[in-house]
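Student: Turn these sequences into a full structure, and let the hints steer you where they fit.
Chains A and B, in that order, give the protein sequences.
Just so we're aligned: the first sequence equals residues 4 to 418 in our numbering.
Just so we're aligned: the second sequence equals residues 4 to 418 in our numbering.
Hint data in this document are derived by calculation from the structure and do not stem from the laboratory.
Be careful, since some hints might not be right.
Repeated chains share a single entry, so a pair holds when one copy, or any two copies, can fit it.
Dumping the calculated DMTMM-like pairs for lysine to aspartate or glutamate here, alpha-carbon to alpha-carbon at most 25 Å [stated by the list, open to error]:
#1 212 / 15
#2 229 / 58
#3 317 / 338
#4 317 / 351
#5 238 / 15
#6 238 / 313
#7 238 / 209
#8 205 / 231
#9 87 / 63
#10 238 / 48
#11 161 / 15
#12 145 / 323
#13 384 / 349
#14 212 / 202
#15 274 / 349
#16 412 / 50
#17 148 / 14
#18 274 / 394
#19 243 / 382
Protein chains: 2
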Amino acid sequence: MLNATLLSIGDELLIGQTINTNVSWMAEKLNDIGVNVLHMITLADVENDILKQLDIALSESDIVLITGGLGPTSDDITLATLCKYFQSELVWNQQVMDNIDQIFALRKRMITEETRNLAFVPNDAIPIYNSQGTAPGTIFYKNGKMTASMPGVPYEMKAMMTETVLPFIQENFQLPFIVHSHILTAGVGETQIAGHLVDFEKALPEHLKLAYLPSLGKVRLRLTGKGDDYPTLQKLVEEKTEELATLIEPYIYGFNQDTLEGNIGKILLEKKLQLGLAESCTGGFISHAITAIPGASNYFKGGIIAYSNEIKRKVLGVNEETLSQKGAVSEACVEEMLEGALQVLEVDVAVAISGIAGPGGGTKEKPVGTVVIGVGNKDKKHIKTLTFTSDRTKNIQISGTVALVMLRKFLLTIL
Amino acid sequence: MLNATLLSIGDELLIGQTINTNVSWMAEKLNDIGVNVLHMITLADVENDILKQLDIALSESDIVLITGGLGPTSDDITLATLCKYFQSELVWNQQVMDNIDQIFALRKRMITEETRNLAFVPNDAIPIYNSQGTAPGTIFYKNGKMTASMPGVPYEMKAMMTETVLPFIQENFQLPFIVHSHILTAGVGETQIAGHLVDFEKALPEHLKLAYLPSLGKVRLRLTGKGDDYPTLQKLVEEKTEELATLIEPYIYGFNQDTLEGNIGKILLEKKLQLGLAESCTGGFISHAITAIPGASNYFKGGIIAYSNEIKRKVLGVNEETLSQKGAVSEACVEEMLEGALQVLEVDVAVAISGIAGPGGGTKEKPVGTVVIGVGNKDKKHIKTLTFTSDRTKNIQISGTVALVMLRKFLLTIL
Chain A
4 MLNATLLSIG DELLIGQTIN TNVSWMAEKL NDIGVNVLHM ITLADVENDI
54 LKQLDIALSE SDIVLITGGL GPTSDDITLA TLCKYFQSEL VWNQQVMDNI
104 DQIFALRKRM ITEETRNLAF VPNDAIPIYN SQGTAPGTIF YKNGKMTASM
154 PGVPYEMKAM MTETVLPFIQ ENFQLPFIVH SHILTAGVGE TQIAGHLVDF
204 EKALPEHLKL AYLPSLGKVR LRLTGKGDDY PTLQKLVEEK TEELATLIEP
254 YIYGFNQDTL EGNIGKILLE KKLQLGLAES CTGGFISHAI TAIPGASNYF
304 KGGIIAYSNE IKRKVLGVNE ETLSQKGAVS EACVEEMLEG ALQVLEVDVA
354 VAISGIAGPG GGTKEKPVGT VVIGVGNKDK KHIKTLTFTS DRTKNIQISG
404 TVALVMLRKF LLTIL
Chain B
4 MLNATLLSIG DELLIGQTIN TNVSWMAEKL NDIGVNVLHM ITLADVENDI
54 LKQLDIALSE SDIVLITGGL GPTSDDITLA TLCKYFQSEL VWNQQVMDNI
104 DQIFALRKRM ITEETRNLAF VPNDAIPIYN SQGTAPGTIF YKNGKMTASM
154 PGVPYEMKAM MTETVLPFIQ ENFQLPFIVH SHILTAGVGE TQIAGHLVDF
204 EKALPEHLKL AYLPSLGKVR LRLTGKGDDY PTLQKLVEEK TEELATLIEP
254 YIYGFNQDTL EGNIGKILLE KKLQLGLAES CTGGFISHAI TAIPGASNYF
304 KGGIIAYSNE IKRKVLGVNE ETLSQKGAVS EACVEEMLEG ALQVLEVDVA
354 VAISGIAGPG GGTKEKPVGT VVIGVGNKDK KHIKTLTFTS DRTKNIQISG
404 TVALVMLRKF LLTIL
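Tutor: Spelled out as structure tokens, the structure:
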């Protein structure tokens with residue numbers, strides 16, 4: 004088994020200002036290709052300590068991945084320290100400078116002397132192209148062990164890992180075969196799903212493992228197989244995925260890289276339907292999720308963020324009486340918002356949502372967390388009242404996710 | 004300076020299934036009372052490795068805080084390993100058992116033999132009462148150094164830290180004072196800010212440190228002072244914060260716990276202005292950011308997500324000719340969207356935005372990343388064309404952030 008040590012360099016991590024999401028992302032990707040993470044170590048931008056930890060890491064692991072301390076400012080000392088450790092010299096690299104030039108030209112900014120320094124890279128290392136920013140990464144590959152240094156900015160690190168570091172590991176190290184399969188569910192809890200899978204889990208062979216990965220309103224199931232014979236392993240994981248899928252079919256919205264929003268997009272495209280939204284309590288969350296998908300303009304026309312009652316009335320045509328008698332958080336109001344969205348936006352299908360996200364605005368009958376969700380077209384409308392949590396952020400996210408789950412189910416029932 | 008090492012024990016962390024939010028929370032609390040976190044180390048439930056890491060931790064730190072591996076199942080070996088290290092014996096503790104009994108009675112569950120084992124605690128340690136669960140924590144205080152072991156479940160750990168561990172540290176160790184100050188900027192890069200602060204940084208006294216913490220479209224500056232005399236230190240950090248603030252005044256949107264959206268909300272409330280939005284390329288991102296702030300309904304009326312040209316025309320009243328001749332991503336179109344938002348939503352101030360988020364839709368003249376942003380009221384409108392990146396997600400986030408920066412500036416110029 005190949006071992007890796009992850010070193011995270013940065014004071015912002017040690018003082019607790021930043022949550023280290025990098026290492027969990029990296030660990031997941033390393034596991035995906037069959038690399039075991041032995042230690043994750045967070046340390047400060049202090050030369051002696053970086054040298055010491057690097058030495059320990061290289062004594063116990065084959066792969067050392069370092070993030071942080073690569074920017075142009077004076078507290079970024081990772082590269083200089085690596086050069087000291089590996090006895091390398093910094094040499095000018097025109098390709099790296101060209102990339103920096105290009106980025107600055109695009110952003111219409113002047114290049115400072117500090118930024119130009121980023122184009123100096125170690126003479127006996129492989130520079131990692133930074134497709135998302137200026138500071139390049141570095142791979143030292145010596146005595147059969149690899150040390151890679153990347154920026155701490157998550158999207159720059161992720162691009163480098165995907166484009167360069169993971170392929171480098173797969174090319175230069177002997178790895179076992181690992182096959183993953185992800186089954187994506189929404190609108191149901193982990194415990195409820197586990198209840199359906201008791202026998203399935205008991206019958207799983209030793210080299211297959213099932214993991215539950217819950218997030219707000221969603222649970223991702225991961226089936227992982229490890230082995231030396233790839234075709235047999237892949238076939239077994241496929242068979243077990245199908246078996247599992249039949250057991251919890253109503254909760255599944257997709258597999259592997261699918262997203263709920265992307266899956267909805269595909270159905271809308273297939274059925275040639277145009278979608279519109281009327282959001283109150285979610286305030287743009289659903290719209291943002293839908294439009295995060297490339298190509299959303301092919302099926303999403305737009306939405307009305309009807310945060311105030313006035314906009315519910317004037318733009319969506321909700322009746323004054325409905326608002327005064329039933330309130331904005333009522334099935335009657337959401338039905339009229341839905342009808343308004345269908346008409347004003349001239350769309351085939353719409354989602355409407357109104358609720359009390361909190362912390363203020365709750366009453367005895369309608370406490371914080373009460374949300375009314377509607378989906379429908381001109382013929383059919385489904386309206387549901389649900390109660391979520393006392394937390395504003397969670398209420399926005401969970402109710403938005405449930406609205407998308409309802410939309411997907413509705414889309415599957417119509418022509 | 005008092006040092007701490009945080010050891011996190013658990014496979015779920017090493018395979019990337021769980022993001023380690025415990026250590027950042029703990030580090031923040033430790034910093035608040037003047038303890039420096041030297042290392043954060045994540046390791047597996049393996050006896051030899053726990054012994055080794057504990058030994059290293061106690062050689063370099065005064066305080067070692069361990070989380071994880073304390074449950075009743077067989078893979079939870081932390082306590083047994085600690086006993087081995089400190090040559091302690093487990094003895095029955097009736098108080099701990101009473102707490103377990105109470106919790107099980109409350110949850111109406113039967114106590115298993117494994118759970119009863121949790122009432123055995125080391126004979127020469129101080130048990131930490133668990134107000135949130137069954138497994139007690141443990142403090143070993145030997146040779147002037149402290150080792151505390153807590154569960155990995157965040158709310159159990161947090162309660163133990165607040166109720167027992169932090170007070171224990173304050174009582175038994177000599178601590179310095181620490182003062183933090185955060186200066187929040189947006190719409191400008193780390194390098195450009197650093198360029199304004201070269202002399203300032205050089206002139207900083209040894210016990211004050213400046214850190215740059217960049218994220219998409221924003222840079223947070225943190226000034227940290229450490230010392231023995233609290234009033235002097237606090238005064239110095241305040242003075243230096245003011246000095247720094249004057250050097251980069253145009254880029255600052257707030258301090259410490261402020262958020263850009265929250266700050267905008269405050270200005271809108273103060274000036275008694277109602278805000279509306281017309282979003283195309285950002286597709287709800289700005290609206291979602293604005294409404295994430297509790298109480299947003301006091302100043303935010305709503306928005307139109309005009310994703311299709313049809314909605315730009317029909318709902319916002321953009322001219323057919325503007326769209327056909329200048330295109331949807333043009334200053335003319337955004338000006339009309341802005342005017343439309345002001346009128347349709349009947350608001351005092353509006354933001355309009357249209358651009359090419361990508362990956363499709365780019366042309367030679369208007370490549371992916373081209374975004375037009377407008378802010379204004381009935382008297383005054385500012386429209387800007389900007390070019391960002393080739394990445395859809397980043398374009399949405401950065402352009403949304405820049406729109407908020409422009410909105411804030413505009414709000415400060417009007418009555």
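Student: Checking each numbered hint in turn, tell me which of them this model violates, lowest number first.
Tutor: 2, 6, 10, 12, 16, 18, 19
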